[in-house]
Amino acid sequence: MISPGILGAATGIPWRPVATLTTAGLVLLGVAATWPTSAVAGSALVLGVAVLAAGTAYVLDEAAAEAVGATPTSLRARSVARLLVAAGVLALGSLGVVVLAITSGLGARLGVMVWLTGCVLVAVAAAAALRRRVAEPGDAVGGAILTVVIGIGLVNPFARWVDVFPSGDGERWAGALLVWGVVGAICLAVLARATRDPLA
Amino acid sequence: MTSTPQDALAVTTAFAPRGGYRSPFAALARIETWRLARHPMFLVGTALGVLFTVMALNEQADKVTGDSLSLPVVALTVGLSAMIAAYHLTRSFHGAGELLEASPTSVTTRTTALCLAAGVPALVASAWLVVYYGFTPAALDVPEWMYGDFSHAEVAAVLVENSVVAAVGGTLLGIAAGRWWRFRGASAVLVLAVVVWTIGVLGLFSSTEGAPPAWFRWVRLFTPVGYFSSATQDDVSITSLTGSPWWYLVWVGTLCSLAALAALLWRSEGRTRRRLVRLGAVAVVLSVITYGLASATGLTQPVRTFPDGHSVVVTR
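Just so you know, the protein sequences line up as chains X and W, in that order. 109 is the number that the working numbering gives to position 109 of the first sequence; each next residue is one higher, with no gaps. 90 is the number that the working numbering gives to position 90 of the second sequence; each next residue is one higher, with no gaps.
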């Protein structure tokens, strides 16, 4: 049983989907790291990042939202405590990316952390925004993140202008950094607004 | 005490006597169809599919790519989003289980009504076929040589499979998962499983760099979405892959039936259950036979075709 004294506001996180999806994401990164030149390495990498992001979408779920809302701890304080778990998932994913860069011998692979961070920010920002209406937005946001990232990663509709998920030397990193920088800034603004106390 | 979802109340009020419906089943089917059609996830997926297609048609207005022979965008967007939406629709009633048990309509009937909602993604996916064959924009106007060793009808079978059948199958699989999987994150796990299965098999066993081992032809089609033509990056040649597109279409149809039967089997009882189990056994046998035919017939070795029309068998 998880002790509330240890986890505090993060006790209410649905740990099973977070742990399952984080593990699955790390396994996929491991596949990409183990067979970096195989035909599925690129797809495994994109899929692994998508799954890690989908896992972080569950950290803001609160089944007892009405009861918890009556406690003296502010929504922002509770959200920050839970977002630390998302940061932990991001850290694990980043570690996986480092291993990938080492095994593939491509330093450019470290740049994958950029779009990993971006995807995680999108997931938590969307979950925070949707949490205003739904107590447990994880399922909806997780599924949406997976579909959108997989769609963009495999179809690559913006290839004419930018590489959204670059992972190697010679790819258009400047455009990708700009895109993810803008996405990250928007997500942080959404997070700040969505986690403010409704009574403030 | 569980709160009653609004949708459950809407369903039960549908049983109130009113003109126009011959049976509760018709009312249920209409409600579930409408719920799926306006589900946010399905609308997002459809919008993404339209967006990606419009962008691709604009960017590739002066050249035809290998994707024109498989239309993977429909399965990726409409199919996946319909699967997630169907899952959530199916799970939306789990909080009103006691209320629904008191209704005169059996669980199997309610599930059948859900399954009929797969007509919505099928209709949406067929719009891509209408664009492909009715309007034929430049990016989809495939020159004759790119058909390789396949006839127009065989390529049409692949397009139907990757669009309409994939959308229907995704919906049915979402309903089956919604009935049997109750853990949090199940929809994400479902999407992950389907995508990993598809990409893994396609990536490992559909390579066109050199001749693959002979046994690859027995496994490369074991995926719910597939392709039979692969163009090189600069479209200087196209490789027609092994197998029969027609039997593959039939095989994926049997997968759809298995998903529907799995959904219907949930909490079915008595004679209905026995009948479903028998149908399931028949479907499994048909699935095995049709998969064998899909792998064994058609092309037995990959064939590479060039713009001047000549073809060579890809050998080691």
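By construction, these hints were calculated from the structure, which means they are not laboratory data. Among the hints, a few may not be true.
What the hints assert, rightly or not - Reference listing, derived: stretches of chain W covered by chain X, where coverage requires no fewer than 3 residues with Cβ under 8 Å from a Cβ of chain X:
(1) 77-86
(2) 197-206
(3) 215-221
(4) 244-251
Claimed, not checked - Here are some, though not all, of the chain W residues that point toward chain X, as calculated from beta-carbon distances under 7 Å:
(5) L48
(6) E59
(7) V73
Computed from a prediction, not measured in an experiment: that's the story for all the values here. We put the beta carbon where it would ideally sit given N, CA and C, even for glycine.
Hint-by-hint comparison with the structure:
1. 77-86: holds (count 4)
2. 197-206: holds (count 4)
3. 215-221: violated (count 0)
4. 244-251: violated (count 0)
5. L48: holds, 6 Å
6. E59: holds, 5 Å
7. V73: holds, 6 Å
Checked against the numbered hints listed earlier, the structure breaks hints 3 and 4; every other hint is satisfied.
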